[in-house]
Each structure stands twice: as structure tokens, then as C-alpha cells.
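4 protein chains.
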Amino acid sequence: MCATSGAKLRVAVAGATGYAGAGCVQLLMAHPDVEVVQVGSRSQSGRRHQDVYPGSTCSLELTPEVDAARCDAVLSALPPGEAALSAGTWLAQGAVVIDVAADFRLRDPAAYRAWYGHDHPAPELLDRAVVALPELDPEGIDGASLLALPGCFSTAAILACGPAAMAHLVEPQVVVDAKTGTSGAGRQADSGHLFAELNESVRAYAVAGHRHRPEMEQTLSQLGGEEFGVTFVPHLTPMTRGIVATCYLRLRAGAGREEVRAAYRARYQAAPFVALVEQAAPSKLASHTNLCFISVEVQGPHLVVCAVLDNLGRGASSQAVQVLNQRFGMALTAGLEAAPQWP
Amino acid sequence: MCATSGAKLRVAVAGATGYAGAGCVQLLMAHPDVEVVQVGSRSQSGRRHQDVYPGSTCSLELTPEVDAARCDAVLSALPPGEAALSAGTWLAQGAVVIDVAADFRLRDPAAYRAWYGHDHPAPELLDRAVVALPELDPEGIDGASLLALPGCFSTAAILACGPAAMAHLVEPQVVVDAKTGTSGAGRQADSGHLFAELNESVRAYAVAGHRHRPEMEQTLSQLGGEEFGVTFVPHLTPMTRGIVATCYLRLRAGAGREEVRAAYRARYQAAPFVALVEQAAPSKLASHTNLCFISVEVQGPHLVVCAVLDNLGRGASSQAVQVLNQRFGMALTAGLEAAPQWP
Amino acid sequence: MCATSGAKLRVAVAGATGYAGAGCVQLLMAHPDVEVVQVGSRSQSGRRHQDVYPGSTCSLELTPEVDAARCDAVLSALPPGEAALSAGTWLAQGAVVIDVAADFRLRDPAAYRAWYGHDHPAPELLDRAVVALPELDPEGIDGASLLALPGCFSTAAILACGPAAMAHLVEPQVVVDAKTGTSGAGRQADSGHLFAELNESVRAYAVAGHRHRPEMEQTLSQLGGEEFGVTFVPHLTPMTRGIVATCYLRLRAGAGREEVRAAYRARYQAAPFVALVEQAAPSKLASHTNLCFISVEVQGPHLVVCAVLDNLGRGASSQAVQVLNQRFGMALTAGLEAAPQWP
Amino acid sequence: MCATSGAKLRVAVAGATGYAGAGCVQLLMAHPDVEVVQVGSRSQSGRRHQDVYPGSTCSLELTPEVDAARCDAVLSALPPGEAALSAGTWLAQGAVVIDVAADFRLRDPAAYRAWYGHDHPAPELLDRAVVALPELDPEGIDGASLLALPGCFSTAAILACGPAAMAHLVEPQVVVDAKTGTSGAGRQADSGHLFAELNESVRAYAVAGHRHRPEMEQTLSQLGGEEFGVTFVPHLTPMTRGIVATCYLRLRAGAGREEVRAAYRARYQAAPFVALVEQAAPSKLASHTNLCFISVEVQGPHLVVCAVLDNLGRGASSQAVQVLNQRFGMALTAGLEAAPQWP
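Going down the list, the sequences are from chains A, B, C and D. Quick note on numbering: the numbering used here labels position 237 of the first sequence as 237, and the sequence is numbered without any gaps. One gets the numbering used here by counting positions in the second sequence from 1 and adding 1000 to each. One gets the numbering used here by counting positions in the third sequence from 1 and adding 2000 to each. One gets the numbering used here by counting positions in the fourth sequence from 1 and adding 3000 to each.
Derived from the structure by calculation, the hints contain no laboratory data. Computed from a predicted structure; not experimentally measured. We put the beta carbon where it would ideally sit given N, CA and C, even for glycine. Check before you lean on any hint, since a few could be wrong.
As the list claims (entries may be wrong) - Partial selection, computed: residues in chain B whose CB lies under 7 Å from chain A:
| # | residue |
| --- | --- |
| 1 | Ser1045 |
| 2 | Gln1050 |
| 3 | Val1052 |
| 4 | Gly1186 |
| 5 | Gln1188 |
| 6 | Ala1189 |
| 7 | Ala1196 |
| 8 | Glu1197 |
| 9 | Arg1203 |
| 10 | Val1207 |
| 11 | Glu1227 |
| 12 | Lys1284 |
Excised from the complex, chain A in its bound form:
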């Protein structure tokens, strides 16, 4: 791989002017082992990235499509449904594809149809797709050519519940109550996401069911080796970045607080991007980092696990870089050394 041969890894970012894509660009511009070789944007093509996106340090001209023959990897932050239209071509041209969006997360085309309302645009690729779980299933990433990042909520819920599921300490029915910053909705104009509509306000949405729920169920079932059901309700809160996923799991008979904590320590003690903390972390502590803070507590019959991360960082851009690092054998923390800054 180029990272070991001395040459830099050549990476293209498709969908480079949304929050997630631009975040990838900014991180990769400062990555010691990566060269950003192309930035794609259909709506802004012809302009330079730094003339379009505030604070960008990338002076490349945006192109409507990326040419995967000229790079080692494509990070796609295209809108849902669009990566699936291009991924086949990118793969055929020899690039590894990492999709930040939702196109390759669900293995079952029927589940995709049920949750997205239309047939999957490229069902023939689903068998090649791997959901990236860098702490819980790093081997799954190693040889993969088509990698899907879990959604921002799913990342939090899986990191929170995975160790308990893998150790069979909890019943396979979980409540995930998540609080998110508003940037998860992206940068497109929307009167419902105006500052004046959202400040000083919290609200639940998608209470009858959100698309990240089947992702959580699929992955927890895989990790736990039994069928998991998830009840998931996201809430919009008046902050830009951050997710707090509070997960309520029923302890199985015989499983207690210390046993559970030991299981989490065993799973995460060597993980550079997961911090086990005694008190639930404030979400701002994770802001602009790739860190996920996890706290484990027992209240009544429930194990309560809080996972805290930056929805645009560990929930999107920096997780993409983490997976890129893992996939190409680069240092796991390369380009991701940003420490918390308070306040």
C-alpha cells in the first residue's frame, strides 16, 4: 500500500461540500499519509473547494464526478441513494469505497425497500458491503473493498450496547433514546432547521421509527448472536454538533454492575478513540474529535449506557478517516490526534 511504500494514499472525496464531506476534506488535508486528489460536487462543480466551504484549506477545483481510476480510495458523502449509483464504477476502477451515507448499511434489500421506500439501486453490491465497526469487528474492515459507516446514531448505539450484547449480559431488547445536534440534517436550506425554529427547543421526531433503527438491530444481532430488537427515538436539541445516546438494557439474571463494567473495560481498554468514564460526559467534550465517551451505570433493573460523540466527527467524517486508516494499515490515530478543547 502506498502508505507503507512512502507515497501518500490518494483519496477522492465525493459530495465534498456538505458538512460530512467537507469535514473529510479538512481532516485529510492535514493527514500525514494522505493526499486529497479530487473533490466532487455536482451543485458546485467548477469552483474551488475553499471558495465554497467556510474555512476550507483545499484549493482543488470541484468536479461533478470523481475519477476512481486516479485514486486509491473514494470517501463518499453523497446524499442517500447516490453513492449506490456510482459505487460499482468506482469499485471496477480499483478503488476502495467508503460510504458515509446509508446506501450500503442494510444487508437485506427487502429491509432497504421497507425503510427507504424504493428498491435498492445496486443490490448486486450488497454482498460485498461491510459495515465498518473498527473497535468491535476490526477484522471485518481489513480486506473489504466496499465499506459502509454506520449512521451517526447507530455508531453511538452500537458502541454503547455492543459489549453488553457480545457478553450476553442483557436481554435482546433495547431502548435507545438519542439527543442530537442539528447539523445531522445537513447544509441544505430547510425552514424547519432555521435557528429561530430550533433554538430554546428540544423535540422528539420519527417516534414511530427511524431509519437508523434497522441498522442497530442488524449489527447488535450480529454481535450478540441473537435477534435484538431496538426501540429508538431521536431528539433534536439546540446545539450544532454532538450526540448523546442513552441506552436502557435489562440485565440478565446474575449480571451486575461490576461484571458489566469489566466487560466494557476488556473491550475498550486498548481502543484509542473510546474513553470509558465514570460520569456521563458532556457532549461538547467530544466536539471536533473522533472520541466516543462511554459511561456504564445500573438503575433498578436497567443497565444504562451513555455514548457521547460528535455526530459530524465520530458520527461521520473522522470515523471515515479512522476506517480509512484501519483499512490501509496506516497508524490508527493518523490525522485524528485532535484532543478535546474546553469550553
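With chain A held as given, fit chains B, C and D onto it using these hints.
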């Protein structure tokens, strides 16, 4: 009662310079059937209310104690533990006492000791205390002389779960995940509640157990006629006012979405301060009002009920006025006509 | 007038689903002497107001146009340029017209063309238009049939600088530095006003010149009887409601702090909606009220006057009701009794 | 110097648990040429830095005093008045002292007394003190042993007005209207800085005069070679980090927009931490960086210059590192490479 005799009800507010007490003062100053006759504050006595509290329209001088012999009712917003020291005197002087704080919410002195860390200061009064539930148990209020308001979180959880519990539609084990504005912590100096510490951040707290949990358990058990357990986790969110309590209840066999909705409609259709809504309401819609917006949905095995209110309004000051209205036979909405203002 | 004859004043609101228009509707629904008889919206016609706008208490069906023959007054909160197209008809039908937007603020059609980039749509009406200054020129309102409200920034700047100009205490060259909440931009979708773009951020805009500047210059020149120049820079701040206009004026020789304060007291002491305060007020104190808080201080050669108001209240909706009250001889505070609520 | 000899520069941070001090620690921990050898805190001594300050990566134990004999430089973020008590000792022990606070900014002990209300604690050191102006007077820093950083507001105002003053393009009387985030008040408990008091609110303070005003006047007079007067009003805005200083200067006869812009380009084109921009920047763009964005515009008779920076970054911690780099001949951008991240 004076309200029916033409004279105004004479009300004293103890603890009148905190957020909850000052809110009571401001509402009562505009109440057509009430005269504010005393405002108490130990820390600020000797100054006029409007010289102490921003925007106050009350020019009375603050006194260290209130003289219950000169009024029909005392609304106490004293800090926890202090109302219990004065309530006996107030009652002996013939006033009705309404406590916004926590001193008279738990019936069992042992539970009080367990959750508050010391013996109850006035256990002999606990038998006289009634937890005010104006929609779910209005008769309980009518003859009472010592009324306790449920806590802000408890008010939301009880309004959310009460109808299902009373109709025996759910298992008696509930998860309450609440999101609150920061004003619930009051106005005293605290570096943890500085703007710089809280903005752009959400965090869970009291994950091992919060004092409002036993209130919820006591009241839901009473309403449901069976022992309810509650797992309750509050979250601090970057807004000043508002609570969203998202409650997860397991439906009993045979109970479905429409049956549940019918139970809620039956309970609340005539209630002026509870609005059943199709979509979970944004908390800002309740801001500065006495309204509680409730939405009822089913996801998987769970009934998900969201209760949305203003923690300083329906969660404290305006609920105190609502209970005062109910107790003294005044119009239920007197002084509480404020409609939502958006944005 | 109907207000004196016992019948209620019949008012139509055009543009009733934007922030300013819906604010007028909500205030008028609770006004003791007004009946809202029509609510207009081109984009939402056919739906009921309360099904379109959060928290509305108005169940009228929205109509694409308002019929001025059926009402005594039309409050127009139509977008800039649209009221001018309808005002002639409304006036011909006998209604008094109050325009919240900018169409009738500038007397000079050439100035309108210079600042708005096109010819005025109804220049023949400009002679009839009166800019409403309820505290500084109440007589101007009394017989007027076509009333323009000053812009939100202009209202603050005029209330701040007017008394000094009228008393000839300052040089006729003013710096107005204003900070506004984001709701001034309205409710239409705009990626630049997303929460994620605006929170944790302040920025100046229109630094080369903003359309409210010629309004300020026109009115201050009229009030002062000499040509005033204004340098005006607005700033977008991360709050929903509120304006703080900090005005820097050079004191004329012989004019000192006490002389200036006396002039402000003389002008405002009987004004129910202007509060002279010792310390500059926090903008939240004015939120959801019609109040303007004004503080007067001297620093070096400058008189520094801060005017603080709610851009959607005194800067738009509630000022429209204040002008309506003045114009129709109703009680000045009718429908506008809302007192500050803190926090 | 150690930086050139291969050894790392040994730096102590006094006052390491406030926002400014902890920011210095976090930046220096990642600085390639610096070793943090001591962290001081009187209130928290005996605890490790990372156990006291959220997100800290520094595991050193806090000591009540720092031992300047063991380091090359002391960065002091002690509260006002305290650095002056220790600086003499630190200097005698051979360390270079950089004070983030206000003790050594004013040259004139009488001015210090007038603005701070007491005599200067160490007037004998004032002659040795140099106010650090890394872009406008880098030579001043080079041999200095006692360096004072300008205040956060002063830094913005000086960077905004300095080039015009140095080029004699403006009259020597300036209006500086600044908007700041709340973190400038520090981390100590204060009910006036609670989230609930500050959110959704902007207010002016210190309208009669703020301590940063004489700093601005002293430095602009020095740079311009004539006596400058400043009228300065700061405003508290609902954000954590950020300053926007909007400066109004009267152009001298013959000075126009292009001439002014040329002067700013000449001064800043090689400066790595000053970005000249066409539109006034949103303050969030500077957040967590050392950048100052400056825009230059003309409106009427005024030159309007906006300077935008992070009050805890370029206004405190990262400016301290910038000055350290300059003083010790390290790369100017070492440890300060953080690029903007949006949103």
C-alpha cells in the same frame, strides 16, 4: 372564599426571588382574582421585589418571613427543606400552603430520608400533605390545606404515563428519559451552570438515580393501583426553559395504538392545559405557558409518550397558580391565559 | 369608531403566516377591542391558520387576498414590494392600512429606487404615507390612512437618538451598531440561517450600507430639523428575538450627561412602552413584549445610547398593534399588557 | 535557546485551571518544541491537571507555585493582580515571563491606579514590560523578558485599527463596538453568567468605560505617533467563544477605500494568523484557532473595520503560544496549525 365574595384572594409568596418564586409573583400580579400581599426573601429582605428581580412588576418590599395570618394562601418556593420548617406555622395561622419544592411530595419519611440524606424536618405534617394532580386527581386538591406540587420532571412523567397506568394498558415498569432546560437548577451561582460550560452540550446526570424518581413511582402506583417501577435519567440541554419527557412503556397484551389513544383522549379532552398532539411538540411551544403537549405513539413493543412543558411554567410557577385556582374555586384558567408565541 | 361604539374593530392581517404577520394575529386574537376577520396567505391559502402556524389560536381559513371592504384596518406583513401592489385597493375600499414591511417608509421615490433596485410600485401613494412614531410624533398617526412602521433597526435607532436630535444636543452624524436575533430574516428556508450556521457565531453584515439606514436618516433629520447622517452596521447574533442598538453620538459643546438625561426623561416619562434604565438592559428582558429599554451614558466625547427591544415585538407585530391602538383611539396598552418574564 | 539546541523549551503555566491557562496547557502539550514542566493552581494544588479540567491531556500534578528556576518561560494566566506579585521572582530566576492577564499592559502606574482602583503591585517592573504585538511590532518581542498580551478586546481593536493608524489614514478618535462570547468572564461561579441568564440575550456593559480602553489608546497612540482616543463598548452575546470588534474610524481627507485596503494588505499579507477577507467573517470561523479575520469597508465618512477572533484563542491562549514562538525563535506556527472547522 374571597374569590366568590368579590374580594381578592390574598396570597403570599415565600422564596420570591428565585426563578420559581418570581414566576409565581409575576403571574399573580396579573391574576384578576388575586392580590399579592407579601413577598418573602431571606437573602434580599428590605429591598423591593422589582429592584431585585429583572422585569418584576411587584413593588412590595421583601420580608425575611411571610405572615400567614395576613393571607389566604402561601405559595412557597423556598429551597428544599425550608418550607417544612415553616409550613406548620403557616397552617396553624389558617393559610392554605402550596409548596413548589420537594418537602411534601414523598409520603413515606423513610423514603424521604433515603433520597434526601436526612430526616424529614416535619414528619407530623406528611399525613396532611396532598400531591396536587389537577388533571388526574382534581378532587384530591379540593379540601387540602397542604399541597405539594410534583417536581418538574415528575409532572411531565405523570401526565405522560398516568392515563395508560390508570387504564391498565401497560406493564408497571417504565423508562423515563427527560431533557430539561438549565433553569431547573435555579439562580444561585454555580460554575457548572455557566453559559460557557453548557452551551453546545447535552449531558445525562444522576444516572444512578434522581430524586424525582420516587415521586413518579409513588404517584403512578397510586394512579395505577399496582406497584410501578421507574428508571429515570434526566439530561441537561442547552436551553433555558422546557422539558421533554420521553416515556417508554411496554404495552400489555391486547393493548394497541388506538385503544391507548382513546384512553388519553378520554382523560384529557376537557383539560384546558393538556393538548394531545399528533407529532411530538417542540418544547419552545410550551414556553411561558401552562400547557403540556402530549403525543402518543407505538414503536415495536413500546408505547412511547412524549410530554412537553415549560419546567418553570407547568413545571413550577404556573402549575402553582393552576392548583391555587382549583383549590379556591377560581376559574381554572384565571391568570394563565398566555398562549404560545412562536418563535 | 367601532372601539368607542361598543363594536369591535374589524382587522385583517395580510401575510399572516410569516413571523411578523402571525405575531400580529396572535396579539389581535387576545385584544379586547379587536376582531380578526380575515387572515391572508398566498402560499398557504385554503388551510386554517392554526394548522399552519405553531401555537396559533386562530381557526380562520387563510385566503390568498384580504377583502378590505369587510374590515376597518388591514395590517400588512406581506414581503417587501407586495403591500404596495395592494394598498391602493385597500385604501379605496375604506380601510386604514398599516404596513409592517418597507414599502412606504421612504418618502422619496429616488431613494426607494436607489436602495431597493427598482422603481416604487405605487409612487402615487407615497404622499399619503406616514411613518408611525407613536412616542415621538403621535399626532402624525392620528388622521393617517396609510401608515408605515419603521424597520426593526430603525425603530430602535430612532427611539435611541430621537430625543437627543430633537433637543439639538448632538452633532448630526451618528454611528448605529446593532445586534439582532435571527428571526428578522423571516421564516423562509435559507441555508445561511440554519441553526448549525449561526449558533456560536456573531457576524456583521451589510457593512457597506443597509436599507434601514436611509429610514434612520430621513426620520432623524425630520425630528432634528437638520440633515442627519447615519453610519449603520447590523450584526447577526445567535438568538431568536431581540435587538440591541448601540448608538454613538458626539455631544455638542455645553451638552453634558445630566442635560441629556433630562431630555430623555422629558420625552419618555409618560410613555408606557419606553423604559429609561440606568444600566443597558439585556435584550431578553424585552422578549415577547412591546417594551423598549433605553439607557443613556457618556464616554469620552460620545453620548452612548442603547435601545433594546424585541425585533418581532416592538420591532414588528406589537408595534403594529400599538399604532393601531393609537390610530383608532383605543387604550394605548390594549392587547399589549404582556410584562417581562425572566429568564 | 533550547529550541535551537534540539532540547525542548521548558515551559511552566501558572493559573493552569482557568479557561486561558488550561488552553495554554492543551496547546503546549501538542507543541512539537515545548515540554510542559509545571502547571500551577492555588485552588487545586495536589490534583492532576487532567482530573481537574475537562478533556485535559496533561497528567502533571498541580502545584501552588511554579518554580521558574526549572523552566525557560512562565506563561501566567493568574487572575489580575497576581502575576505582578510573582513576576519579579520569576524574572530573577531567569525565566521569560508572558502574562496573559492585565498586570503589565499599562505603562503608566497612574493609569493603572485609575482603572484598577489600587496601586500597581510591582511598579518597578513596568519599565521592563513590553506589550506583545506580534504582527505590528515583532521586534519589540524579540529581546523582551517580560511580555504582556493585550486583552482580548484590545487584540481585536489593535489588529483592526493599527494599520490605518500607522498609515495616518484616519482621525485619531475611534469607536470600537465589540461583541464577545461569555467565556471571557472565566470559569468562576457567578449567577450573572448562568446559561439561563445569558441565552437568548445580548447586552452592553461597562458603557461608561472598560479597562481595555486605555490599552487600546496606549497602543494605537504608540503605533500612530499621535494621541488616539477610543470610545469602547463591549457587549455580551450568547456564545461561548468569539469576539467581533467593529471599529468606526473617520477617514482623513484624501484617504479612500482602495488606499486603505492597500495599507492593510501591505501590513498583513505575510502574516500567517491574519486573514484579510472581503466579507466580515462569522466569529465561529475563528473558533479554536489563532486566526484573526479582518474586513475593511467604507460607509459614508467612516472606515468600518471588523476584526474577528476567538477570545480564548487569539485573545488569550494561542496568542500566548504565538508570542512564545516569536520570542524563542521557534517556527511561528508551531503548535498553532489548527485550521477552521465548520460548522
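Here is what the structure says about each hint:
1. Ser1045: Not OK, violated: B/Ser1045 not within 7 Å of chain A, min 33 Å.
2. Gln1050: Given a least distance of 25 Å, the restraint on B/Gln1050 is violated.
3. Val1052: violated, 25 Å
4. Gly1186: violated, 18 Å
5. Gln1188: violated, 20 Å
6. Ala1189: violated, 17 Å
7. Ala1196: At 4 Å from the nearest chain A Cβ, B/Ala1196 passes the 7 Å test, so the hint holds.
8. Glu1197: holds, 6 Å
9. Arg1203: holds, 4 Å
10. Val1207: Check passed: Cβ of B/Val1207 comes within 4 Å of chain A, closer than 7 Å.
11. Glu1227: Violated. Min distance 12 Å.
12. Lys1284: holds, 4 Å
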